[in-house]
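According to full-length UniProt numbering, the residues represented by the sequence shown are 1 to 121, in order.
Just to be clear, a hint being listed does not mean it is correct.
Said to hold, decoys possible - Below, simulated DSSO-like cross-link-like pairs (lysine-lysine); rule was C-alpha separation at most 27 angstroms, straight line: (1) K75 to K62; (2) K62 to K20; (3) K96 to K20; (4) K4 to K86; (5) K62 to K4; (6) K20 to K4; (7) K20 to K75; (8) K86 to K96; (9) K86 to K75; (10) K86 to K62.
Unchecked claim - Label-pair restraints from in silico Cβ distances: (11) T25 to D67: 15 to 21 angstroms; (12) Q104 to A26: 55 to 61 angstroms; (13) E60 to Q93: 22 to 28 angstroms.
Hints listed in this document are in silico derivations from the structure and should not be mistaken for laboratory results. C-beta: ideal position from N, C-alpha, C; glycine also.
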Amino acid sequence: MSEKELRRSLSVLPIGTVMKLTSLTARQIRYYEQHQLVFPDRSEGNRRLFSLNDVDRLLEIKDYLADGLNIAEVKEQFARQAEARKRSISDSQMRKILRDELLQTGRLTDDDGPTFPIKRI
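Construct all of the structure, not just a fragment, from the sequences and the given hints.
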């Protein structure tokens, strides 16, 4: 995890601050937590602590609801996004897979040159 991702995932914001940042009520935020749409950490005193990623997610929920989706549809939307992230593969991962495949089939050597002679016409 990069340093930026680590900072965004740190749970340090109390519910009052999150309310101001999102214009949601404490009741709404607790309701979304109850429906497993957001997962705040808890302090030693059992108070909810939110990360910047949680704030982004709450704003997404708010937008989806404003667009007319219900809670079940919001859950489905997040499930589809999670599935798409799992299936997506980066360019570098794809290049590595293709390179490994070419190495296995003997069409590429470790020095990235072809293993068969090339005829020039």
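Note to self: Hint by hint, where does the structure go against what was stated? Just the numbers, ascending.
What the structure shows: 3
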